[in-house]
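Place chains B, C, D, E and F on chain A using the hints.
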Amino acid sequence: MKFAIMINEGPYTHQATDSAYLFARAALAKGHEVTRVFFYHDGVNNATRLTVPPADDRHIVNRWSELAKAHDLDLVVCIAAAQRRGLMDENEAKRQGKDANNIAPGFRISGLGQLVEAGIQSDRLVVFGD
Amino acid sequence: MKFAIMINEGPYTHQATDSAYLFARAALAKGHEVTRVFFYHDGVNNATRLTVPPADDRHIVNRWSELAKAHDLDLVVCIAAAQRRGLMDENEAKRQGKDANNIAPGFRISGLGQLVEAGIQSDRLVVFGD
Amino acid sequence: MSEEMDMDEGGTVKKFMFVNRKAPYGTIYALEGLEVVLISAAFDQDVSLAFLDDGVYELVKGQNTKAVEMKNFSSTYRALEGYDIEKLYVERESLEARGLSEGDLLVDVQILSAAEMGEMMAAQDVVISF
Amino acid sequence: MSEEMDMDEGGTVKKFMFVNRKAPYGTIYALEGLEVVLISAAFDQDVSLAFLDDGVYELVKGQNTKAVEMKNFSSTYRALEGYDIEKLYVERESLEARGLSEGDLLVDVQILSAAEMGEMMAAQDVVISF
Amino acid sequence: MLHIINKSPFENNSLLSCLRVASAAKGHAILFIEDGVYGVMQGTAVEKSVRDAMANMAVYALNPDLEARGVQGRVMDGVKLVDYDGFVDLVAEHDNVQSWL
Amino acid sequence: MLHIINKSPFENNSLLSCLRVASAAKGHAILFIEDGVYGVMQGTAVEKSVRDAMANMAVYALNPDLEARGVQGRVMDGVKLVDYDGFVDLVAEHDNVQSWL
Chain A
1 MKFAIMINEG PYTHQATDSA YLFARAALAK GHEVTRVFFY HDGVNNATRL TVPPADDRHI
61 VNRWSELAKA HDLDLVVCIA AAQRRGLMDE NEAKRQGKDA NNIAPGFRIS GLGQLVEAGI
121 QSDRLVVFGD
Chain B
1001 MKFAIMINEG PYTHQATDSA YLFARAALAK GHEVTRVFFY HDGVNNATRL TVPPADDRHI
1061 VNRWSELAKA HDLDLVVCIA AAQRRGLMDE NEAKRQGKDA NNIAPGFRIS GLGQLVEAGI
1121 QSDRLVVFGD
Chain C
2001 MSEEMDMDEG GTVKKFMFVN RKAPYGTIYA LEGLEVVLIS AAFDQDVSLA FLDDGVYELV
2061 KGQNTKAVEM KNFSSTYRAL EGYDIEKLYV ERESLEARGL SEGDLLVDVQ ILSAAEMGEM
2121 MAAQDVVISF
Chain D
3001 MSEEMDMDEG GTVKKFMFVN RKAPYGTIYA LEGLEVVLIS AAFDQDVSLA FLDDGVYELV
3061 KGQNTKAVEM KNFSSTYRAL EGYDIEKLYV ERESLEARGL SEGDLLVDVQ ILSAAEMGEM
3121 MAAQDVVISF
Chain E
4001 MLHIINKSPF ENNSLLSCLR VASAAKGHAI LFIEDGVYGV MQGTAVEKSV RDAMANMAVY
4061 ALNPDLEARG VQGRVMDGVK LVDYDGFVDL VAEHDNVQSW L
Chain F
5001 MLHIINKSPF ENNSLLSCLR VASAAKGHAI LFIEDGVYGV MQGTAVEKSV RDAMANMAVY
5061 ALNPDLEARG VQGRVMDGVK LVDYDGFVDL VAEHDNVQSW L
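Chains as they are written, first to last, in the numbering used here: chain A, 1 to 130; chain B, 1001 to 1130; chain C, 2001 to 2130; chain D, 3001 to 3130; chain E, 4001 to 4101; chain F, 5001 to 5101.
Each hint should be verified, as a subset may be incorrect.
Each computed DMTMM-like pair below joins lysine to aspartate or glutamate, with the alpha-carbon atoms no more than 25 Å apart [said to hold, decoys possible]:
id, chain 1, residue 1, chain 2, residue 2
1, B, 1030, E, 4077
2, C, 2066, B, 1099
3, E, 4026, D, 3116
4, B, 1094, A, 123
5, C, 2014, F, 5093
6, F, 5048, C, 2116
7, C, 2071, B, 1123
8, A, 69, B, 1099
9, A, 2, F, 5083
10, C, 2061, B, 1057
11, D, 3061, F, 5093
12, A, 2, C, 2046
13, D, 3061, F, 5083
14, B, 1002, E, 4093
15, A, 2, F, 5093
16, D, 3066, A, 123
17, F, 5080, D, 3116
18, C, 2087, A, 123
19, F, 5048, C, 2044
20, C, 2066, E, 4095
21, B, 1030, E, 4052
22, A, 94, B, 1099
23, A, 2, C, 2044
24, A, 30, A, 74
25, D, 3014, B, 1123
26, C, 2066, B, 1123
Simulated from the structure, these hints should not be mistaken for lab results.
Chain A extracted, bound-state conformation (with noise of 0.2 Å):
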């Protein structure tokens, strides 16, 4: 069956990423499909590259990206939502005019429009907030 998520909270402060996470992969170890995690709100934090978790707690971020890296998937993060919060990958940060960027490995950025897509096109959309 084909699964979408969305992710509507950032690392750590909430358990929603924790969540998700746990659950997509325990529908991809059966056998599910994992057709696209939607970052949303607060959720588009949980892709930036820069965090430092204490060394004795989980790494949400490299976790995503490490997910996404074995099963191929589409992590993707509104730009909007991206935008009002500081997250820009390489181009963004050009055309932004900005020093700096802050994206993960496996993230890539890109339109709302994604998620209405994701709910077209899979069985289930399972959002994970607060």
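Frame of chain A, contents of chains B, C, D, E and F only:
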């Protein structure tokens, strides 16, 4: 009178930082002193210079930087909360081996002791959060 | 970055419901939720909006955000009709608990009982909440 | 970056209360709140902790976070005594509404009625909530 | 002591918790801000709780937040409206402040 | 339809709203996750509401979240415990899903 302010939520996501800003501005206009603004939990996300909010909306980060400049405010970002969430200045980026940094002008990164100190040294501490 | 997808999904039309349960301004969910709704109009799906709990406050007339210095987005609900989004459902019990009636709202809506709202939700293909 | 301040504030001792009203794990407030409490111990202030509403869940015995892959921080409450933080107040009404009793908690606490809790709060110099 | 409520009482328990703890004694005041201001509207499911608390407590609401939400004309009698200046004054006038987050 | 509740019913109204909307008809199920799992504990102020809803609704709770919070031994009779695998199965078995955020 000496006020200290604590902000626990990020920009745009929650009204906490708006309320804190308007409170601080009003306090300064009335001749009070704002001894420190301490950013904790997701509040650290107020300190990124990479936000690009819609043109017809307020620019929350710049507004803090400008208020700090005008009134010599001490805007302190908690180091532990910042590390979890991907906020860092140039020194911290070097120390952590990261290739980018994102702190906005007027903010400085420091320890949690700065919050307790602010509580000791001010007449009132007001918390804005979720 | 408006790389919208191919709108033709082989004629798939799904029932999408956007569930609004949060008040405006205190948090950004109502505003960013509305941004998804507007995008969804481009996909020719069967779109409806549900307002219950504090979500009914999104539709209250006479919002004036001048003194909080935030963007007033309430007029956007009036513009939904122009996007052919005309199915707006409001739960009666939520209005009553808040001392509100249909005349307090800034758009025409269909009032449903709690049980009718439950049936409406169950009939959807995709339910997106914020 | 532990540039702690000068601990000697001319002998000022203030009454600090940290108010815990949120459950652990669902959000990070309980964990990051505890980090502030530990730092406060270095400042020789009169520190107390209040647990009410869902904050009482922070103290429930037998937490095991293995399957959610999060850090179990509940043992830290047991360590507070070693930091000379011994004033832990729990509101009786909050326990009762949740079907809990003193024996379910992992540390010794003082149980207060709602009214007693209100008096305790009013007697503080600084109240920090998360 | 000044208590600050910033959450809608229809979504969250913070107002009722605050009243449970603070309304029995004299000397406590409440300021409603942000989504908390819905708590001072007339004709709601929580009106009676707030009215009862007003026997002991002074009750304030932040007018800019009421206006933002379009509810400034529906405030219960006896609630005093303040702007950000008045918010600052309230904090200064009370010995301590607690935000019920 | 599968309803997901992730907030404590003592802090937030989402459980009671879900029950108001969904418990009258057959065919709805609820899964409690994250802080929502406090809603399936015995002896609480919301136990009766949940028990009443069980007449029409199947009720599930995510065991990893119960264990994290130390409350896995206090679950009401009739609540079915699932792990993340079971969570995936529940989503697959129901035609649609709504998270009560």
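Now for the hints, and whether the structure bears them out:
1. With a CA separation close to 29 Å, the supplied pair residue 1030(B) and residue 4077(E) exceeds the 25 Å bound.
2. Between the alpha carbons of residue 2066(C) and residue 1099(B) the distance comes to roughly 41 Å, so the proposed pair goes past 25 Å and is violated.
3. Among the hinted pairs, residue 4026(E) with residue 3116(D) is consistent with the structure: their alpha-carbon atoms are about 13 Å apart, no more than 25 Å.
4. For the hint linking residue 1094(B) to residue 123(A), the alpha-carbon distance of about 45 Å lies beyond 25 Å, and the restraint is violated.
5. In summary, the hint linking residue 2014(C) to residue 5093(F) is supported, as the alpha carbons are separated by about 19 Å, within the 25 Å threshold.
6. With a CA separation close to 23 Å, the supplied pair residue 5048(F) and residue 2116(C) stays within the 25 Å bound.
7. For the hint linking residue 2071(C) to residue 1123(B), the alpha-carbon distance of about 34 Å lies beyond 25 Å, and the restraint is violated.
8. In summary, the hint linking residue 69(A) to residue 1099(B) is supported, as the alpha carbons are separated by about 21 Å, within the 25 Å threshold.
9. Taking the CA atoms of residue 2(A) and residue 5083(F), the gap is about 20 Å. The hint holds against a cut of 25 Å.
10. At most 25 Å may separate the alpha-carbon atoms for a hinted pair to count; residue 2061(C) and residue 1057(B) meet this at roughly 21 Å.
11. Under the criterion of a C-alpha separation no larger than 25 Å, the hint pairing residue 3061(D) with residue 5093(F) is inconsistent with the structure, at around 35 Å.
12. For the proposed pair residue 2(A) and residue 2046(C), the alpha carbon gap of about 21 Å is at most 25 Å, so the pair holds.
13. Between residue 3061(D) and residue 5083(F), the direct Cα distance comes to roughly 21 Å. Compliance with the 25 Å bound is thereby established for this hinted pair.
14. Proximity of residue 1002(B) to residue 4093(E) is assessed by CA-CA distance (about 13 Å); at most 25 Å being required, the pair is judged to hold.
15. A hinted pair counts as satisfied when its Cα atoms are at most 25 Å apart, and residue 2(A) with residue 5093(F) qualifies at roughly 13 Å.
16. Simply put, residue 3066(D) and residue 123(A) have alpha-carbon atoms about 31 Å apart, too far for the 25 Å limit, and the pair is violated.
17. Straight-line distance between C-alpha atoms of residue 5080(F) and residue 3116(D) comes to about 40 Å, which puts the hinted pair past the 25 Å bound.
18. Of the supplied pair hints, the one linking residue 2087(C) and residue 123(A) holds, its CA atoms being roughly 23 Å apart against a limit of 25 Å.
19. Using a Cα cut-off of 25 Å, the hinted pair residue 5048(F) and residue 2044(C) is violated, with the two alpha carbons roughly 44 Å apart.
20. Proximity of residue 2066(C) to residue 4095(E) is assessed by CA-CA distance (about 31 Å); at most 25 Å being required, the pair is judged violated.
21. Distance hint between residue 1030(B) and residue 4052(E) is unfulfilled; the C-alpha atoms sit about 34 Å from each other, more than 25 Å.
22. In summary, the hint linking residue 94(A) to residue 1099(B) is supported, as the alpha carbons are separated by about 16 Å, within the 25 Å threshold.
23. Among the hinted pairs, residue 2(A) with residue 2044(C) is consistent with the structure: their alpha-carbon atoms are about 21 Å apart, no more than 25 Å.
24. Distance hint between residue 30(A) and residue 74(A) is fulfilled; the C-alpha atoms sit about 18 Å from each other, no more than 25 Å.
25. A threshold of 25 Å between alpha carbons decides the hint, and for residue 3014(D) with residue 1123(B) the separation of about 11 Å falls inside it, so the pair holds.
26. Annotation: proposed proximity of residue 2066(C) to residue 1123(B) is violated, straight-line Cα distance about 31 Å (limit 25 Å).
Violation of the numbered hints given earlier is confined to hints 1, 2, 4, 7, 11, 16, 17, 19, 20, 21, 26; the remaining hints are satisfied by the structure.
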